[in-house]
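Protein chains: 4
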Amino acid sequence: MTDIKSVRGALRNQWIETPSWAFGNSGTRFKVFTQDGVARNPYEKLEDAAQVHRFTGVTPSVALHIPWDRVEDYAHLAKHAAGLGLQIGAINPNVFQEAEYRLGSVCNPDPKVRRKATDHLLECAEIAGLTGSPALSLWFADGTNYPGQDDIRARQDRLSEALHETYQALPTGVRILLEYKLFEPGFYTMDVPDWGTSLLHCVDLGEKAFVLVDTGHHAPGTNIEFIVAGLMRAGRLGGFHFNSRFYADDDLMVGASDPFQLFRIIHEIVSAHGLDRSANVAFMLDQCHNLEPKIPAEIRSVMNVQEATAKALLVDHEALHAAQAAGDVLGAYAVIMDAYNTDVRPLLAEVRTEMGLDPDPMAAYARSGYAERIGAERVGGRAAGWDA
Amino acid sequence: MTDIKSVRGALRNQWIETPSWAFGNSGTRFKVFTQDGVARNPYEKLEDAAQVHRFTGVTPSVALHIPWDRVEDYAHLAKHAAGLGLQIGAINPNVFQEAEYRLGSVCNPDPKVRRKATDHLLECAEIAGLTGSPALSLWFADGTNYPGQDDIRARQDRLSEALHETYQALPTGVRILLEYKLFEPGFYTMDVPDWGTSLLHCVDLGEKAFVLVDTGHHAPGTNIEFIVAGLMRAGRLGGFHFNSRFYADDDLMVGASDPFQLFRIIHEIVSAHGLDRSANVAFMLDQCHNLEPKIPAEIRSVMNVQEATAKALLVDHEALHAAQAAGDVLGAYAVIMDAYNTDVRPLLAEVRTEMGLDPDPMAAYARSGYAERIGAERVGGRAAGWDA
Amino acid sequence: MTDIKSVRGALRNQWIETPSWAFGNSGTRFKVFTQDGVARNPYEKLEDAAQVHRFTGVTPSVALHIPWDRVEDYAHLAKHAAGLGLQIGAINPNVFQEAEYRLGSVCNPDPKVRRKATDHLLECAEIAGLTGSPALSLWFADGTNYPGQDDIRARQDRLSEALHETYQALPTGVRILLEYKLFEPGFYTMDVPDWGTSLLHCVDLGEKAFVLVDTGHHAPGTNIEFIVAGLMRAGRLGGFHFNSRFYADDDLMVGASDPFQLFRIIHEIVSAHGLDRSANVAFMLDQCHNLEPKIPAEIRSVMNVQEATAKALLVDHEALHAAQAAGDVLGAYAVIMDAYNTDVRPLLAEVRTEMGLDPDPMAAYARSGYAERIGAERVGGRAAGWDA
Amino acid sequence: MTDIKSVRGALRNQWIETPSWAFGNSGTRFKVFTQDGVARNPYEKLEDAAQVHRFTGVTPSVALHIPWDRVEDYAHLAKHAAGLGLQIGAINPNVFQEAEYRLGSVCNPDPKVRRKATDHLLECAEIAGLTGSPALSLWFADGTNYPGQDDIRARQDRLSEALHETYQALPTGVRILLEYKLFEPGFYTMDVPDWGTSLLHCVDLGEKAFVLVDTGHHAPGTNIEFIVAGLMRAGRLGGFHFNSRFYADDDLMVGASDPFQLFRIIHEIVSAHGLDRSANVAFMLDQCHNLEPKIPAEIRSVMNVQEATAKALLVDHEALHAAQAAGDVLGAYAVIMDAYNTDVRPLLAEVRTEMGLDPDPMAAYARSGYAERIGAERVGGRAAGWDA
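The listed protein sequences derive, respectively, from chains A, B, C and D.
Using our numbering, read the first sequence as starting at 321 and increasing by one per residue.
Using our numbering, read the second sequence as starting at 321 and increasing by one per residue.
Using our numbering, read the third sequence as starting at 321 and increasing by one per residue.
Using our numbering, read the fourth sequence as starting at 321 and increasing by one per residue.
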């Protein structure tokens, strides 16, 4: 039987990181639709992120994207965050938006470009130290579009070199999270297309390098929870970039396309004790709210993760293992579905009340008037971001 | 046996349309990399397209994108084209790059937005008349990102209404080509996601509406040549937007990812006499040269289509039908592969020489000095396009 | 607001058809695992189907597969069904398990084979008349494995001819349901691979031909509810073969892989009044219980459909349309998710009690002792089926 | 410049292994079509394999499947092979065709089943020693169909245990090849679904364990040549099971669906010197000739691999590297395509003549009368295999 008290405790202690870039404009290659009141600089992004934490109580950290969030004084930015009740989360170097990176960053055939890109990684490692960030979160847009365009193995060697140099420069307490992605913007190869490639580099680097799973970065049909279980077993799951997709890297709100899949992923996490703070699995959102307003979209996303987590926590593991051991296929499935089919919204409302929060974060945010205020105040200016 | 004389004739008479937008900057949502010497306005785009025709001899028409190619005087633009030895091809309305289109254009729940979008279609129909274009080529970015976001059937009704109004306004000699696309920028639904939906609207509209097949717009595993054969059989194949992809709508050069697939598609065309001018099948390129220089990329793409066509023309249909009738699986496959495995580059070199062209278009273009000239001359200015 | 009384009514009146072949052995190409007590002939299959109806109350008809369910006296079989409280549902001709069909049935290049296959369709049309079946449900394993193996268009012509002959022979009250499938057993082409191809044939045949949607027969990423909505709009949705899949035509229990997708499909049905008996949409299961016991697997599948239906019936359409009209993306999504996140099991338990059934069909079946009885009684013999 | 003499040498020395099971009946879950003259036992399979070697000269070894190829005296079987000019290739244990394996073999929750399965692996290791086989080639049909059915991580532990026990028992000179497969027959999880999982086990086992790449076992869109390049770089590419697919694990003839992909894969092999005998990369066919006659299908498959290899050997690596280093995207692509577009059939005909073979293996086999002879002689009997 599930211990409801520990379920409540786990829900209260959940930690989900929001990304600063979710509060800036985003879009597709066809159009970036701008929104009224959108944050214009890192300080405003933190203020928006603080709203998400204010109404959900479980998003105390914010990931940064450099150079989108570049400031003169990072200590000052971290202090601003602290004043908002927030910590700085993972630092995400951006090595894809400059002209030099047309043929890649750390994998570029040109050593000068690789030097520039690696220097940016080193700068970000330093920023991690300055801001108290626990992680350097690396995603490379590097890849190729045509067969023969570059040497696949040589690019791995170049990647390895840059990673090693960065790894050596990690400040104390900072680890590397290495993300993989099947395609886009590389349409023939990506230099880190799958978890296996990421893992090979992490193992080669050392004990402070972990695989980052973005839930939208797989080929159709890939069983993500299997990957998660395998990485937990190998001790190399660094964390998640949560979002959802029907097709490719659609970057929709997590849980929007397939809430059962999200539940199954978190079930594997729960089964391997990955919610424990000691497991050091980072739960980060990474979404593009192209059509929907950004702050409520982040709140809704957090709630989707909370609901999936609550359901996963309700799985009766004793009954499940008994059915599995007995080879009772329908019985084991029933245990899983009993948890999934439970309406956990009342439970979460109670947990929120226990935490001193409004039981309905969406309604509470809507009533707060924050959206109207930023719509009126934030006129003019434009943040670096997807439409940079 | 294949009649080599008629093969040569068919290759000399091939007609491939280039798109004006291929000569402007393009990119992904991550970055639009600008290129030196890129065309800055519709006139320069036509001049670049004329280079492709100059060296290949088979690209006498150019498709326009409105408003990217909007000019004061369309008759003047058409005359400029004629002076370059070109005709204006399909007119492509763009109803996805304005703020009002955030939730769709002709399918938008707001009737004012639908009105604006339909008016643009009508404007484009008029431009088709003014420029002597044979076709209004319609692709709608309309769709939704989340379940429930809008009513799927209501959107079809709205689409139908706009299409009918446009159809009624078609100038003489102009037909509608209705393109479909599985996803992007809509990540839950697209309003015309597949050939079946396009066909339903075309049949409903009348005899001047045809399905447009973009080779990059299908789900993984879709057999495109089967669709092509079926549309030919139904008399509703309007033409192609050629490009290639390994993953999604990657918009790589046609034939780059799977030259055998391109050959099989054209084999179905040839088998159904679709290369005949009377079949009225439009062969149009629609690609994004994000990394590679644009004019040579278009030339190379044309050559890829020519090579696939030459191979398809070499298929020994008599032997093929005999093997098929006999149920000789390996024999029929061998006939197909004999044609595909033939190196048709010498044949195409001869055909080019017969046409008074250099046998090696890529080398001839490189020698021409055109790239260097536009690199030096086209400084300043910026064309409307993907980076608009 | 949703009218809970009409929801209950709709749930009581739901009609789901079970397939006789679900009660026989099934498997993959690697192995057909036999189960104790499995039905050995059509009479026993009906008896098993009656158990599903006994405990769920919503499965009053059973589809047959011919020749797997061939008997001497079909009127007698129908009478046996009636005695069990059942009707005969769709008749499913099988034209794929004889040596002659190696290169296809009605699309075979050999006219003798086509004659044999068409004769079997005619026999099945007759059986439909004899058994009171409302539908001839056609799925063709026809296709090819290699490019060039056969002529794609010629095969369509042959298919059309066989369909027309069959259509002419339909007994009064019998309609044709034409199923499509992307691949398997054809690995290059299938002759009816998609809904568009099926629809073309149905429209050509006449008003008694409808498209059958098997939920496992699409390319990855296909939006099935969009197809369903479009076919409803076109008046050509004949019904469903329900099952679920993570990869290909996995034939798992419906709702097992993606319960949210099943909900979205039924939401489109409900939105277009497709649950009304007058809409004539057939809800049929078509699954292979390779690992799990068959009768409880069918019961569980029925329950999964019921739960998805209950959730779809709970959608607040008024609120949904208001949010859609306002362009409120998150609001519309919230309406959908409110229904989906509801735990409808208590509601369904009440409905079952109202119907005089046990509120927990799985437990009631388990207690009934039926499984033990057939395990003991059905020894020896072997039914025609997947392992034929 | 490419050295044509070394190209010829490489082609003469190519070594492709045929599988005994290609010469038995095969099919889909819908139907196994039997063929006249099909081999009825391991001895006859070897005789058929000898025909493939006789006409191609590059298939001197044959993989066995146990128990399909179980004999009393393996030394005698190996001697029979030697008498036919053949060696015994990889030994393939089959742990999926017995009733006990319904819920898995070495991953089964029941320790008794695991014991039985592991014992079979040990038996096969012994057979490898007895027959002089260089490899134990392991593929596990193990997996689950439903979420919750079994514990993903526990199954990995069980797999690891069985692999370690087998590894310890490897005879001298025998290595383990561990194959992965995305799905089928497991439709929710497979226990070794991807190269990463296989690699984790291989690294854990030791230096005699290598990853086996079956070209049909990936998710749609997977870049196989990238995996191949990465495994070569990691020193863990054991070899290939060659076949081709348009959709899933279709097991069509290699090169039939996408000859350009096959070329790209072999280009990576050539680039990393993987054709050298010292690289110890095994090139094995693994196909199901469901519709086509088996011996000529194997010959054709061998020819397809030879043609792809010849093209890959013709790549001008010097020019390629120069273009890559210069960032010349179109130039590098042109180098690749120059090789691919070459008609290598004349070159291969010459190489065959040099080897004392007929330049046209298909025609020579057809003329040999072997097909007619086995059709007449092999009457009665039935080999264990796909239709077992």
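Honestly, the hints are just simulated from the structure, not real lab data.
Please note that the accuracy of each hint is not assured.
In this list, chains with the same sequence are indistinguishable; a pair is considered to hold if it fits within one copy or across any two.
[What the hints assert, rightly or not] Dumping the calculated SDA-like pairs for lysine to any residue here, alpha-carbon to alpha-carbon at most 20 Å:
#: 1; residue 1: K351; residue 2: R702
#: 2; residue 1: K432; residue 2: F353
#: 3; residue 1: K351; residue 2: E504
#: 4; residue 1: K436; residue 2: S326
#: 5; residue 1: K351; residue 2: P505
#: 6; residue 1: K399; residue 2: E364
#: 7; residue 1: K351; residue 2: H484
#: 8; residue 1: K436; residue 2: F350
#: 9; residue 1: K351; residue 2: R553
#: 10; residue 1: K436; residue 2: L490
#: 11; residue 1: K399; residue 2: R702
#: 12; residue 1: K351; residue 2: Q417
#: 13; residue 1: K436; residue 2: M675
#: 14; residue 1: K399; residue 2: A645
#: 15; residue 1: K351; residue 2: P454
#: 16; residue 1: K325; residue 2: A704
The hints, checked one at a time:
| no. | hint | result |
| --- | --- | --- |
| 1 | K351 / R702 | both (16 Å within a copy, 17 Å between copies) |
| 2 | K432 / F353 | between (35 Å within a copy, 18 Å between copies) |
| 3 | K351 / E504 | both (17 Å within a copy, 11 Å between copies) |
| 4 | K436 / S326 | neither (49 Å within a copy, 41 Å between copies) |
| 5 | K351 / P505 | both (16 Å within a copy, 9 Å between copies) |
| 6 | K399 / E364 | within (14 Å within a copy, 53 Å between copies) |
| 7 | K351 / H484 | neither (37 Å within a copy, 27 Å between copies) |
| 8 | K436 / F350 | between (30 Å within a copy, 19 Å between copies) |
| 9 | K351 / R553 | neither (42 Å within a copy, 31 Å between copies) |
| 10 | K436 / L490 | within (18 Å within a copy, 50 Å between copies) |
| 11 | K399 / R702 | neither (23 Å within a copy, 42 Å between copies) |
| 12 | K351 / Q417 | both (17 Å within a copy, 6 Å between copies) |
| 13 | K436 / M675 | neither (46 Å within a copy, 49 Å between copies) |
| 14 | K399 / A645 | neither (53 Å within a copy, 44 Å between copies) |
| 15 | K351 / P454 | neither (34 Å within a copy, 28 Å between copies) |
| 16 | K325 / A704 | neither (44 Å within a copy, 54 Å between copies) |
Hints 4, 7, 9, 11, 13, 14, 15, 16 from the earlier list are contradicted by this structure; the remaining hints agree with it.
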